[in-house]
Structures are given as C-alpha cells and as structure tokens.
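Engineer: Below, each chain spelled out in residue letters.
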Amino acid sequence: MEWILALGIGVLAGSGIWLLLRPRTFQFIMGLTLMTYAVNLFIFAMGRLRLDAPPVIDPHWADPARYADPLPQALVLTAIVIGFATTALFLVVLLASRGMSDTDHVDGEEHRP
Amino acid sequence: MMPWLQHLPVLPILVPLLTSALMLLTRDSQRRLRVGLGTAAILLQILIALMLIRATQGIGAPAWPDGIGVYRLGNWPAPFGIVLVADRLSALMLGLTAVLGLCAWIYATARWDRAGSHFHPLFQLLLMGLNGAFLAGDLFNLFVFFEILLTASYGLMLHGSGKRRVGAALHYIGVNLIASFLLLIAIALIYGLTGTLNLADLSKQALTLAGADRQLFDSAAAILGVAFLIKAAAWPLNFWLPNTYTEAAAPVAALFTIMTKVGIYALLRIGSLLLPAGAPAAFGGAWMFPAGIATLAFGTLGMLASTQPRRIAAYAVITSSGTLFAALGMPGVTVTGPALYYLLSSVLGLGAFFLLLELTERSQSFGADMLAITQEAFEGDEPEAASLSEQVVGTPLPATMAFLGLSFFACSLLIVGLPPLSGFVAKFSLLSAALQTAEQGAPTFNVWLLVTAMLTSGVACLMALGRCGVRLFWVPEQLHVPTLRINEMAPILILLAACALLTVQAGPVMDYLEDTAHYLDQPARYIQAVLAPAFPGSQP
Numbered sequence: 047m048e049w050i051l052a053l054g055i056g057v058l059a060g061s062g063i064w065l066l067l068r069p070r071t072f073q074f075i076m077g078l079t080l081m082t083y084a085v086n087l088f089i090f091a092m093g094r095l096r097l098d099a100p101p102v103i104d105p106h107w108a109d110p111a112r113y114a115d116p117l118p119q120a121l122v123l124t125a126i127v128i129g130f131a132t133t134a135l136f137l138v139v140l141l142a143s144r145g146m147s148d149t150d151h152v153d154g155e156e157h158r159p
Numbered sequence: 003m004m005p006w007l008q009h010l011p012v013l014p015i016l017v018p019l020l021t022s023a024l025m026l027l028t029r030d031s032q033r034r035l036r037v038g039l040g041t042a043a044i045l046l047q048i049l050i051a052l053m054l055i056r057a058t059q060g061i062g063a064p065a066w067p068d069g070i071g072v073y074r075l076g077n078w079p080a081p082f083g084i085v086l087v088a089d090r091l092s093a094l095m096l097g098l099t100a101v102l103g104l105c106a107w108i109y110a111t112a113r114w115d116r117a118g119s120h121f122h123p124l125f126q127l128l129l130m131g132l133n134g135a136f137l138a139g140d141l142f143n144l145f146v147f148f149e150i151l152l153t154a155s156y157g158l159m160l161h162g163s164g165k166r167r168v169g170a171a172l173h174y175i176g177v178n179l180i181a182s183f184l185l186l187i188a189i190a191l192i193y194g195l196t197g198t199l200n201l202a203d204l205s206k207q208a209l210t211l212a213g214a215d216r217q218l219f220d221s222a223a224a225i226l227g228v229a230f231l232i233k234a235a236a237w238p239l240n241f242w243l244p245n246t247y248t249e250a251a252a253p254v255a256a257l258f259t260i261m262t263k264v265g266i267y268a269l270l271r272i273g274s275l276l277l278p279a280g281a282p283a284a285f286g287g288a289w290m291f292p293a294g295i296a297t298l299a300f301g302t303l304g305m306l307a308s309t310q311p312r313r314i315a316a317y318a319v320i321t322s323s324g325t326l327f328a329a330l331g332m333p334g335v336t337v338t339g340p341a342l343y344y345l346l347s348s349v350l351g352l353g354a355f356f357l358l359l360e361l362t363e364r365s366q367s368f369g370a371d372m373l374a375i376t377q378e379a380f381e382g383d384e385p386e387a388a389s390l391s392e393q394v395v396g397t398p399l400p401a402t403m404a405f406l407g408l409s410f411f412a413c414s415l416l417i418v419g420l421p422p423l424s425g426f427v428a429k430f431s432l433l434s435a436a437l438q439t440a441e442q443g444a445p446t447f448n449v450w451l452l453v454t455a456m457l458t459s460g461v462a463c464l465m466a467l468g469r470c471g472v473r474l475f476w477v478p479e480q481l482h483v484p485t486l487r488i489n490e491m492a493p494i495l496i497l498l499a500a501c502a503l504l505t506v507q508a509g510p511v512m513d514y515l516e517d518t519a520h521y522l523d524q525p526a527r528y529i530q531a532v533l534a535p536a537f538p539g540s541q542p
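Just so you know, the sequences run in chain order V and R.
Going by our numbering, the first residue of the first sequence is number 47, and it counts up by one from there.
Going by our numbering, the first residue of the second sequence is number 3, and it counts up by one from there.
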C-alpha cells in the first residue's frame with residue numbers, strides 16, 4: 047500500500063517536473079496539473095494511510111485510534127479548489143499569450159539558433 | 003470596552019472582502035459608486051490599522067496588556083481552531099499596506115481603473131489577501147491568504163492587457179504556482195511530523211522532535227524557506243521580478259512593492275517562532291545572510307545595467323529585499339529594529355517612485371527610450387550637441403516639471419539613502435546597528451561585508467538614478483509638459499509626506515520598532531497568548 051502510493055506520487059511528480067521544464071505552454075500546464083495531483087496525494091499521505099476508517103468522529107465510539115485523520119482531507123480539499131482555480135486562470139493567460147504572439151513558446155517568441 | 007472592538011483583528015479581512023463583494027453587485031459602468039465604496043473601505047482599513055497599532059501598545063480602547071490580540075474564529079481554542087493574531091509586527095504591516103493601498107488606489111482612479119474590467123474588486127481582494135497573510139496564525143491559512151493575494155495580483159498584473167504584459171504575467175504566474183506547490187509540500191511534511199499547523203503550537207512541538215524526525219523537519223523548513231524566498235525575490239530565485247514589475251500598470255506595480263515584503267514577513271515571523279527550537283538556517287541565520295548579500299549585489303548590478311527607468315525601479319525592489327535579507331540574517335536583535343524601519347521607508351519610497359515614473363514617461367516624446375539606447379551606442383558623434391545648450395537656456399520651468407523633478411529627486415534620495423529623508427535614517431541606523439553587533443561578538447567579517455555591500459550599492463544606486471534623472475529631465479530636446487491631474491499628484495505627495503513624517507518622528511517610530519524586535523526575539527509571549535485557554539478558568 048505505502049509503496050504503491052509513494053510510487054504514484056513519485057511518477058506524477060517526476061513527469062510533472064519533466065513537463066514543467068519544457069518551453070511549450072501546453073506541456074507546462076499539463077506538468078502543473080500532474081504536479082497538483084502529486085502534491086495533493088502527498089498532503090493526503092501525511093495524515094497516515096488508513097483503510098476503511100471514517101474521518102468523522104462518532105461520539106459513541108470516541109476512540110481516536112478507530113478514525114482516519116480528517117485534517118489532511120480538509121487541507122486537500124482546499125488545495126484542490128485553489129489549485130483548480132489558479133490552473134484555470136493560468137489556462138486563460140496561456141490562451142491569451144498564444145493568441146497574441148502566435149506561438150506556444152513560453153517566452154512568446156521562438157529562439158532560433 | 004465597546005463589544006464590537008473585540009472583533010478588531012478580523013476587520014482588516016472582512017472590510018475588503020465585503021467591499022469587493024458589494025462592488026460585484028454593481029456594474030463596471032457605475033464607476034463612481036465603486037470608487038466611493040473602495041475609498042471608504044481603504045480609509046476604514048487605515049483607521050483599523052491605527053487602532054490595532056495603539057492596541058498593541060496597550061493604549062486606546064481595546065488595550066491588550068500583552069500587546070497581542072488573539073482572535074479565535076468560531077471560538078475554538080487555539081491548536082484546533084483557526085486563530086488570527088494581531089501583534090506589533092502584523093499591526094505595523096497592516097498599516098503600511100493600507101497607506102500604500104490608499105495611494106495606489108487614488109492614483110488608479112485617475113485613469114488606470116478604466117483600462118480593463120473589475121479593477122476595483124480585484125484591488126480590494128489583493129488588500130484582503132495581504133491583510134490576511136499578516137494576521138494568519140497558522141501555516142495553512144498563511145498559504146490560503148498567499149493564494150488569495152496572488153490570484154488577485156495575477157488579475158491586476160494582466161490589467162490593461164497587451165502582448166508584453168501577458169508574456170510577463172505568464173512567467174509570473176508560472177513561477178508563483180510552482181512556489182505554491184513547494185509551500186504545500188512543506189506544510190504537509192510539517193503537519194505529518196508535528197501534527198499541528200498552528201504556528202505557536204508548532205514552535206512547541208518542534209522542540210520534541212529528535213533524530214531523523216528533526217532532520218526531516220529541518221528539510222521541510224528549508225522547502226518552506228525556499229517558497230518564501232521565491233516570493234521575497236532572493237537571488238537566484240528572482241528572475242521573474244524585473245519583467246513583472248516593469249510591465250505591470252503603474253499603480254499595480256506600486257502596490258506590488260509590498261508583495262515581496264510579505265515573503266520577508268513570513269520568514270521573520272516563522273524564524274522568530276522557531277527560535278526556541280533552534281530555527282533552521284534558512285530563517286534568519288547562516289544562509290539568509292549570504293543570500294541577502296548576493297541579492298543586494300544582483301539588484302545593484304541590475305540597476306546599473308538598466309536603461310529603462312521602470313526597470314531600474316524593479317531592480318531597486320530587489321536591492322531593498324537584499325538589504326533586508328542581509329540585515330535579518332545578522333545574529334541578535336540589534337539590527338532587526340532598523341531593518342523594519344528600512345522596510346517601511348523603502349516600501350513607501352519605491353511605491354512613490356513607481357507612480358512617479360509613469361508620469362515622467364508621459365513627458366517623453368515618442369521613441370525617447372530608443373533614443374537613449376542609441377545615444378549610449380553612438381556616443382561622441384552628436385552634431386547638435388553644441389546648439390542644444392542654447393535652446394535650453396532660458397526655457398521657463400513649468401510648475402508640473404518642477405513637481406516631477408523635485409519628486410524624482412526626493413524618491414532618489416529615499417532609495418539611495420541620502421539625507422535628509424527617511425532612507426538616510428534607515429541606512430544609517432542599519433549600519434550603526436551592524437557595527438554595534440560587531441562589538442557584541444558577531445563575526446566581524448560579516449559586519450564589514452554588510453557595510454561595504456550597502457555603501458557600494460548606495461553609490462551604484464546614486465549613479466543609476468542620477469543617470470536616469472538626467473536622461474529624463476535634462477537631455478530631451480523637446481519636453482512635453484504633461485497634463486497631470488490632482489489625483490495623480492496627490493498620492494505621490496502623500497507617500498513622500500509619509501516618508502518625511504517617518505524622518506521627523508524617527509525617535510518614537512524607532513522605539514516602537516525596537517520593541518517589536520525584542521518582542522520577536524522572545525516568542526514565548528506569542529506562544530503563551532495564542533495557546534491560552536479560550537475561556538478564562540477553563541482547562542486548556
């Protein structure tokens with residue numbers, strides 16, 4: 047379980063970083079999206095992995111050992127919303143830049159040797 | 003005490019939020035209503051900030067005996083609920099934000115708010131994000147308010163559009179998104195290790211870590227530090243800044259001058275709270291000092307290399323960040339107070355400078371920038387140079403040009419740090435405090451490095467700004483006298499007057515800042531105030 051998650055985060059983050067280093071805007075935004083997934087999974091994992099444990103505490107069974115940590119789930123939710131909003135905004139800027147400069151290079155112009 | 007006064011710490015967030023929500027109910031065409039609403043909101047924020055500053059000193063209506071106002075949202079006790087903390091440092095930064103915001107706002111109403119849609123709500127949201135970041139008492143909310151202020155700043159950066167601006171914004175947004183990821187990774191790691199996000203509680207929990215956990219915590223703190231250093235424009239993470247600040251609209255660039263200081267504030271705050279746990283080097287220690295010197299050198303070289311006035315101003319922002327890093331990286335508290343004074347003076351001075359540059363650019367005839375560059379390249383063969391002086395002699399000096407020239411002169415004095423304005427007081431007190439730390443046993447080499455770097459950078463700034471001023475006001479053959487409106491001149495005058503006030507009141511202001519510095523050096527008071535039980539008498 048742990049190593050599947052670790053591998054998942056690693057592959058997502060690695061691919062994301064590779065794509066971020068491309069000078070093309072579409073690849074850049076794909077890289078950002080993959081990085082978002084990696085970061086969100088990472089936050090989630092920081093609350094420890096628990097299978098089939100509810101995050102909301104029932105007062106009759108108030109034994110914390112039976113429950114998953116709810117805080118990272120709340121954090122992930124917030125991070126997803128914020129990441130989604132900023133990525134959407136970034137997409138609009140990419141489209142504007144593409145429309146204005148007629149190229150999808152991140153500098154708005156091609157560097158030819 | 004009036005009951006609503008206990009809600010004072012939350013008001014700097016609520017006022018701009020509600021204002022921008024109200025503005026969204028109006029149309030862009032109802033500009034006058036929006037401007038009125040916004041002006042009222044910013045004036046209210048200045049009032050609130052003043053009350054907070056008084057409250058942290060223990061005077062005025064909500065007198066906090068400890069100088070720390072803790073506001074528990076939803077009245078949950080501290081490590082579990084979200085807290086807002088208004089102490090001396092945050093109150094000071096709130097006041098600075100509000101004053102700078104007012105000036106940028108007045109300036110924008112002259113012309114810039116019509117260059118695109120929804121300028122007014124975005125401006126208020128940026129203020130809300132800044133205020134929230136200064137008040138946040140836990141790491142995750144710090145992240146959330148950073149995102150709010152950044153998202154609003156993306157919108158404002160794109161305001162007015164244009165190919166170059168969109169290109170610069172693309173880089174700016176990309177870099178900041180990646181910085182946000184770093185911030186999130188660091189926050190998640192810290193939460194996984196300590197099980198808390200509350201800054202005060204974190205400071206206690208960090209003490210209990212040992213061995214591998216401690217190393218992991220230090221790495222998390224280092225990642226956090228890198229994220230803040232990107233926002234605060236430390237070299238080599240500041241390549242996005244010159245383009246962004248050069249291309250942004252003038253009032254937006256003026257407001258952006260405080261955004262790098264948010265990163266510095268975060269470093270200072272977390273560094274101060276982690277002091278008892280032995281703050282990792284990134285927060286005001288071994289690494290911060292060399293990073294500061296490198297940033298200072300980079301900013302200075304950038305100023306010398308730039309030909310465009312606004313680019314010089316953008317590099318001046320980096321120079322001021324570098325000075326602050328280097329000063330805060332010095333051991334002890336002696337330098338912190340003067341560094342805070344420098345922060346106030348440089349934000350106000352640079353804000354005024356960005357506003358002023360747009361006005362002076364208006365006096366240039368078309369293509370003057372190009373002329374300046376070619377002049378450099380083909381110096382020497384200027385056949386009309388001899389006749390130039392005859393034309394200039396005897397030209398009457400219009401009042402507008404006198405205003406622009408004198409303001410430029412005053413801004414230069416502020417940025418370079420020459421008497422009589424607050425820039426000089428700031429630099430002088432920084433240098434003398436640095437020399438004092440040498441007597442107290444700080445590494446002498448570092449002290450002299452700081453002194454040399456600051457003095458050299460001052461001389462270089464003077465050269466860059468002097469050259470820029472000569473080119474703007476003396477060289478052009480035909481100066482258009484621009485028509486300026488009162489709401490374009492007033493904000494510059496307010497900012498310069500604020501700097502003059504800082505100079506005249508240097509004594510009391512410096513006392514307040516020294517107290518702030520000592521307070522930051524003893525985080526126990528902060529921790530105690532935040533973690534105190536919500537209801538007196540109940541168990542924590």
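Just so you know, the hints here were simulated from the structure itself, not pulled from any lab data.
There could be a bad hint or two in this list.
What follows is a set of in silico ranges between Cβ atoms, one per label pair, in the way DEER data are often shown [stated by the list, open to error]:
no., chain 1, residue 1, chain 2, residue 2, range
1, V, Trp-64, R, Leu-26, 53 to 61 angstroms
2, R, His-9, V, Pro-101, 43 to 51 angstroms
3, V, Ile-63, R, Gly-118, 28 to 36 angstroms
4, V, Pro-101, R, Gly-118, 39 to 47 angstroms
5, R, Ser-119, V, Ile-63, 30 to 38 angstroms
6, R, Leu-218, V, Trp-64, 50 to 58 angstroms
Here are some of the chain V residues that sit facing chain R, going by a computed Cβ distance under 7 angstroms [what the hints assert, rightly or not]:
no., residue
7, Leu-87
8, Leu-135
9, Phe-136
10, Leu-137
Just so it is clear, CB atoms sit at the ideal spot from N, CA and C, and this is done for glycine as well.
Engineer: Which of the numbered hints above does this structure break?
Structural biologist: 1, 2, 6, 7 and 10
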